[in-house]
Every structure is written in C-alpha cells, then in structure tokens.
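For reference, the chains in residue letters:
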Amino acid sequence: MSTAFLTLDGISKRFDPRLTLGDRIAARFGATVEDRPVRAVTEVSLTINPGETLGLVGESGCGKSTLGRIVAGILPPTAGTVTIDGEPVLHNGRKVTTRVQTVFQDPFASLDPRMRIGDTVAEGPIAHGLVTKANAADYVRGWLQRVGLEPDFADRYPHQFSGGQRQRVAIARALAMQPDLLVCDEPVASLDVSIQAQIINLFLELRRDLGITCLFISHDLGVVRHVSDRVAIMYLGRIVEVGSTEQIYRDPKHPYTRALLDSVPRLVLEDDALVEFNAITGEIPSPLAPPPGCTFHPRCPLAVDACRRDVPALMADGTDRLVACHVRAMERNAAATTALEEGR
Amino acid sequence: MSEAATPLGRFWADFKDSPVAVVALVVVVAIVVLAIGAPWISPQNPYDLGGLSLLDARRPPGHIGTGGYVHWLGTDAQGRDLLSAILYGLLISVQIGFMAGCVALAVGASLGVIAAYAGGLIETLIMRIVDLQLSFPAILLALVLVALLGQGKAQLVTALVAAQYAYFARTAYGAATTERRKDYIEAATATPLSRTRVIFRHLLPNCMPPLIVVATVQIANSISLEATLSFLGLGLPVTEPSLGMLISNGFVYMMSGRYWISVYPGIALIVLIVAINLVGDQIRDQLNPRLRR
Amino acid sequence: MSALLLEVRDLRTHFFTRAGVVKAVDGVSFTMERGQVLGLVGESGSGKSVTGFSLLGLVDPPGRIVGGSIRLDGEELVGMPLDELRRLRGRRIAMVFQDPMMTLNPVLTVGAQMTLAIRAHEKVTGVAARERAASVLTRVGIPDAAARLDAYPHEFSGGMRQRVAIAIAMTHSPGLIVADEPTTALDVSIQAQILHEMRELSRESGTALVWISHDLATVSSVAERIMVMYAGRLVEEGPTATVLRDPRHPYTRGLLDSLPATARPGQELRQVPGNTPSLLALPPGCPFAPRCVRASERCVEDPEHRVDAVRAFRCHHPLERAA
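Residue numbers (this note's numbering), protein chains in the order written: chain A, 13 to 356; chain B, 42 to 334; chain C, 1202 to 1524.
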C-alpha cells in the first residue's frame, strides 16, 4: 500500500533465555540447559494509514505488548523492520526517531516518582530542541491545559495525583514530543470505569484535533471497538485477522476472533435472562512450545488436518480484510469454484 | 492537602515520628558540629607538641594542669588534654568516614547502575569483580592497601573506598535491576533520551533510597575501620592522633587503673557509631515498603 | 431453615491511619437469601472489597469493624471470638480472591492443601479426603483431577489456579462464598469459562454468592441482585436487570454511560466528571454530589434510603423511572 504511514515488515521477536556463565560451561560439558527461546512475535506484517487508529487485540501472552514495544522503539526486533514514512524507527538497536511516542498502561509506574511532572513533560522536548529551556515552562503549561489539567500542576510530584490525572500527564508527555504516531499500550486498563470514559473521550478529542495516527493495544474488546478504525487480532505471536472495526465485530471470519467476541460478557438488561457463554474450550498454549501448524488448532472447533500441519498465511478475504485460516480459505475456494461452475 | 509536597518533606514528616531516631540524629549533628568546631572550643591543641607538658601526663579526670585549666577527662601519656584529643580525633574520624563513604557511594553506585543498565559483558565484568571483592573481609583489603600505599589521610580514604565501594555497587545493582524494568525507564528510553541521561537522571535517583541506608552503615563502618587501622598503628601518623590511636595509646595503662585514656575515646567512638546506625535503621524502616504503614 | 441466609445491618468498617479515619464501609445494610447471587459493584475505594472482607472478619489493622451487625443463619459474627470465627470460615462461609495465590500455598501440592482443608473441619481418613478432593476438582472443571492432586500451584495456569481456589472454597459446601474480583485477572476466554462454572456450581449446591466486581457486564450475567457502592455507602440496590436498565441513582447511570458498549463507536462517552473522592475528605451529605449533574443545595444533607416497588436507593434527586 503506497499510502501506508507506518509499516511493519516481517517482524519477529524471540527472547533467548540468558544463559549464565555457569550454564554455558555446563552446556559445553553436555549438561541439558533450558535454552528454548520464547517466540513472542512471529512474522508480523502490518500497515497503518495516516490518521488511522489501529486496534491491536489479544489475550495475555499473545505478544501484543511486545509488538507495541517494538513499534515504540523500546525493543529491537529479532527480524524485520519498522518504518514510519519510510524512515526506520530503530538504527543499530537504538531508537532514532521522535515521531513515535508511547503511552503506557500503568500511570503509577510510567512517571518518574522523583521528578516534578512539569520536568517530566519538558525533558524530551528540551533534549530534542523542540523548545528552548527558557520557553519550556510555558510550553508545558500549554500541554497540561490541553489534556485537561491545571497548568499550575507542573510543580507537583506524581504521588499527588490520581490514576486518571497521571494518565493525562503521561499523554501530555507523549504529545509534547509532537509525534506523528502514538503507541497506546492498554492506556485505560488500570483505570476505574468512570475515569476510563474520561480518558477515552480525551483520546478521541486529541486524535480529532491533532490528526494523530495511533496503534491502540488493548485486551478490552469494547474499548477497542469504540476507538479504532481497523482492528488486528493476535494469537500466540501471530496476526490471525485484520479488518475494519465494523466488519470484524459484525462478521468475524477467524474462528478465534469469533470465539473471543463470544466470550465477552455483555450487559444483560432482561429479567431472568439465562445468559449463555460460548466459551472457547482449553487454555492458551505456552509460547515456549507453540503447537505446530495453526497455533489455534487445539482449541478450534473447525480444525482439519491441514491446520495441524501448515501455518496458514494471512490472505485477503473480501475487501480490506485479511484472515489466516485454512478452513476459511477452503470455503472461499469452494465458493469460487461453485460460482465458476454455475457461471458455466 | 496536609501532606508535604516534596518527597524529602514527606520523608522528614515520617522521620519525626521516631523519638529514638530524632535523638540519634541530634547526637550525630552535635558530634559533627563539635568535631568541626574543635580548633575553637577545645582548651588545647593536641597537635602542638610545644604546648604539652610531661608534668601533666596520665592525670585523672578533673585534674587542674600546668596550663591552668581543668582536664575534665584527664590526660594521656604525653600530657595531652583528653577532651581536646577526643574532639580533634572525632574531627579526623568524621572527615575520613564521610569522605570515604561519599566517594565509595559515588563510585560504587555509578558502577552498579551502569552494570544493571548496560547488561551483557559490562555487567558480567563489573559484577564479577565486585563479587570477588565481597568475598574478602573489608578489613583485610584495607590493611593490605594501607600497607602498600603508606600512611596519610588521602591514602587512608583511598584504602577505605577501595574496601567499601563493592557494597554500594551490589546494592545499586540490585535496586537498578528492579527499577530499570519499570515503565518510566522505558518511557525515557522510548522518547528517546540519551543513555547518560536515563542512567543519571532517572535510574540513579530512584536507586538512592537503599543506597542511603547502606551509606549510613558504611560511614559508621569506615569510621570504625579507620579506628581499627589506627589502633593497629597503620592509620594516620602519630602527630595526628585519631580516636583509634588514642585508644591504642591508653591500652597499656588500662590495667594500672588509668582507665580514662582508653575508655573516654572509646565511648566517643561508640556513641558516634551507634547514633549513625540508629539514624540508618530509621531510614531503612521508612524506605522499606513492607514496613510502611 | 428459613430462606434468610445473611443479614447485614449498618455495617461500619473504618481504617485508623495516621492521616485520619478512613470510613471504607460506612453504614451498609442488606440481606441475602439462600442460593442467591448478589453482585457488588463499585470503583476503587468504594468499599466493595472491604465489605466482602468484613463478612469473613478478615479486616486487618489498622482497620476494624466499628459497628453494625452481620448475622449468618441468625448467628452474630461481629464480635465473635476469633477461634469460633475460624471454625466458621471454610465450613459455612468461604472466600475466593482475585489472586488465587492468596489462598494457595506455593510449597504444598494442591492435593495436600485440599486434604488439609477437608480435615480441618471433618474427621475423615487421608484416603477419603483425597477422594473428596479429586471429586471437588472434577466439579470445577479440572481434567484428570486425581493425577493433578500431586501438582504444585505453579504447575497450573492462571485459570486453573483460580479453579483450584474455587474448589477449596467449595469443599465444605458453605452457605455463602464471597468472591472478590474472581475473574478480573483472567483472559476473556478463561473468564467466560469460570463465570459459567461458578454460576452452575452455585445453582447445583445451593451456595449463595457475593460477587464483587468493578465490571458491570460480568455482574449482570451472573447476579440476580445488584448493589452499587460509592465512597463506602450503598447508593442503589435491586434486581440486576431492573437497576441496570432503569437506574434511579445518578451514579449508577454515570457508570453505565461510561461503558463504551452503551455508545456508538467513535462517539464521545457521557462521562462522569471529576475524580473518585478521597475517603479522608468526603463532602458532607451525599458523597457523589460534587460529581453529580443533578445535585442541589439539599445534597449537603445525607439522603435517606428510599424504596420503590423493587429496589432501594439513596438520592435526593433520583432519576425518573422509565415507563
């Protein structure tokens, strides 16, 4: 896609267990040492268009946070490249661009407890020459106001704020770097429901006013649906389905997406309603020993032989949608053949 | 908000709650003030050999000497006024203790934090050397170094720093490996900020709490190490009597009833070390999240 | 046996901290019938968890139950000697925590812990206890339970560990289980499994459940009745569907409006302004008044309990009932 703004090309991330000197010596002498790598992310290719918000959804351990950290330039990928407007995010394992900024999940951990929040917000812009030291105070006040905080809060320390206010500070810190892409890693997961709504509204407002492109990582399908233009579903390190939010929530094609959507508890507003749960059976396999073939096959109601053997590729399924599923591909082929035969 | 605004303000508010620690802090401050003021408040300059009279040697406390003033704590074998000698000795102990403690803190903490942040070969190299050194008793290392370097304040401080930086490095390393995984470090890396900035502006300040605890203990330790070395005759030259040397000088007279020559410098040393340790204990309790109320 | 299982009257649990008295639970009253599932919702600091802990007498200093009464089967629990309370816990009232490791001992096998739990209240042989343990584990959906008895907690996944914790709570078929955010730490697919299983277990064994959660959706799918807490007080209580469909208290309305599910995607949510209040500096009268769009001068006075046909609420300016 030529319009793509952020491009992830074949990103993989393996965490090799760190062997100590003793382990290595023992291994040399033939001892068995646990050295299986964790494949957190496997061959992920994605694009985000300018001004778009892509929701990245998955359960714990699926690699969504690792992928987010790679995009944010915190972790170097084992393979593949991340480029923004054709410019690499990382060079020799060091982040070289300020155009990507991050908002983290836990606002209690993401702000330096020993720094006044004004200094926290000003630090990056000063270091990168976006503002002079002399003008930094006004610059910071402007951003604090922009995220709905009193400008005078600049002199306070993080412990003087509630979770929601801290998350606003974290957002101000990221925006003060004037980024083109914001990586939001579960930005509302640790907030109370009423505060969550405030932060979501702030996010929607800022995105509209500043035209920022966003990668929005969350396990909360409701929140993702609300803020995203497109959604990518991850399972055990791979993207299993990507498509527009509306398409995916209305008509999920991958069996995992469908099961995930079915698992979400809904608000029940009918008296004496007997709520049915269509829970997926089984557990998420360990990324230390992912199943062969399609990683979802042990839990999949539709699995066939091919699923146990080959890894399905992400393939177009209708307009603007990619699905990685053998069964879906076969259905598509069958439908195409029927159509062809009927046409004949 | 009734809470004090700065982290330091909150810390002091908690500290005030322990009367023992406050008293200990007052004692430490008093001793430091007395030691620094020694040249002005002590009746005699014990380094000025011309001012000493052998007629006053080994006099008991309360004796009025040839100088015409009362020797409240008695005199030693050279006829030095013990009170003056103790005040001057304290000055040396405090100087050496704080200098050694602070330099060891700076060196050790930097090494530990750098090792934790850099990882890989640098980490292995620094931490293995530190481990190796921690397996020797500090006193042994200090003894060897003083023997090699010779006598003198600078040499003594060097020896003490070399003997003690490893404790700081270990502590800083431990704290930094926990801190560096926290989001605010990742946030700084992701901005991106330079490595030096991340290490010294974010990582190091947040590793300070445990380091301050170790620092108080190590200052007390270097004071007692210095006293030990001086007691063994390896510390400072005889012309600059530190507490250890005073104790050592009086040791031979202990059994002949002239207890004061050893005992009073000993008491001064113990009071100083205990007071520093009590302050350190309170700081540790306050910084320990598990003991926090 | 009467249908009434639990009667809580004017429960007050306060924490005496250096900064002042935190009234975490301040005058909570409710009743529960046998086998009922009661949802207790609120945000952090609302006192929902402390209410749960108070029911089992598990409030640690500086916290203390300072007033009120908790009657389980007519027996008063407040002020009961600790050893009597211990005999009650596990047998007649049990707890499931958000983190199953609060219940599980990491150095004992699951089987050992379960036999201990069984033999704490019943005189049975080790072999019989083991059999019981295996059957309870099977009931909570752990496959190959007999073999899994010899596994340690760390050998189970998060969802399985929570199942073991639930099994331990179920061992003596207590009349009441207090579940504090039991599925919050779990993934959605596992959460759905556990929700389903706990509801079934409660139905089969007639165990009543207090289901404490911040998540209205999970509560709505398990609980018959719902209680909404704010700043240590109950603000609304009634049949779950009625309350959520047609709330009378503005805070309940605000909570519902904060859910993305209730708005069109991409549209601004109707948010509750302000922050959750500090329990050390509560305003006089209704604690929600500073954040409430309907508040008036009257709200500086404590609103009394009001009831309509099916529910109770505490508000001077309740929302009108939908037709």
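Calculated directly from the structure, the hints in this document are not laboratory data. Predicted model, so just to flag it, every value in this text is computed and none were measured. Backbone N, C-alpha and C fix where the C-beta goes; we use that ideal spot for every residue, glycine too. Warning: the hint list may mix true and false statements.
Some chain A residues close to chain B (C-beta under 8 Å, calculated; not the full set) [claimed, not checked]:
1) Lys107
2) Phe116
3) Arg126
4) Ile138
5) Gly141
6) Val143
7) Gly160
8) Glu162
9) Phe165
10) Gly294
(message) Does A:Gly294 hold up as a contact with chain B if the rule is Cβ-Cβ below 8 Å?
(response) violated (31 Å)
(message) Please check whether A:Arg126 passes as an interface residue: C-beta within 8 Å of a C-beta belonging to chain B.
(response) holds (5 Å)
(request) Return the status of the interface hint for A:Val143: holds when the least beta-carbon distance to chain B is below 8 Å, violated otherwise. (result) violated (14 Å)
(message) A closest beta-carbon separation below 8 Å is what the hint needs, so does A:Lys107 meet it against chain B?
(response) Where the cut-off is 8 Å and the nearest Cβ of chain B is about 4 Å from A:Lys107, the hint holds.
(message) Does the closest beta carbon of chain B sit nearer than 8 Å to the beta carbon of A:Gly141?
(response) At about 13 Å, which exceeds the 8 Å cut-off, the nearest Cβ of chain B leaves the hint on A:Gly141 violated.
(request) May I ask you to test the interface hint for A:Gly160 with respect to chain B, counting a Cβ-Cβ separation under 8 Å as satisfied? (result) Since the shortest Cβ distance to chain B is 20 Å, the answer is violated.
(request) Report holds or violated for the interface hint on A:Glu162, using the least CB-CB distance to chain B and a cut-off of 8 Å. (result) violated (14 Å)
(message) Restraint: A:Phe116 near chain B, CB-CB cut 8 Å. Satisfied or not?
(response) holds (4 Å)
(request) Double-check A:Ile138 for me: the hint is only fine if its C-beta lies closer than 8 Å to a C-beta in chain B. (result) Result: violated, 10 Å to nearest chain B Cβ.
(message) Given a cut of 8 Å on the nearest C-beta pair, is the interface hint for A:Phe165 held or broken against chain B?
(response) violated (12 Å)
This entry does not satisfy hints 4, 5, 6, 7, 8, 9, 10, going by the numbered hints stated previously.
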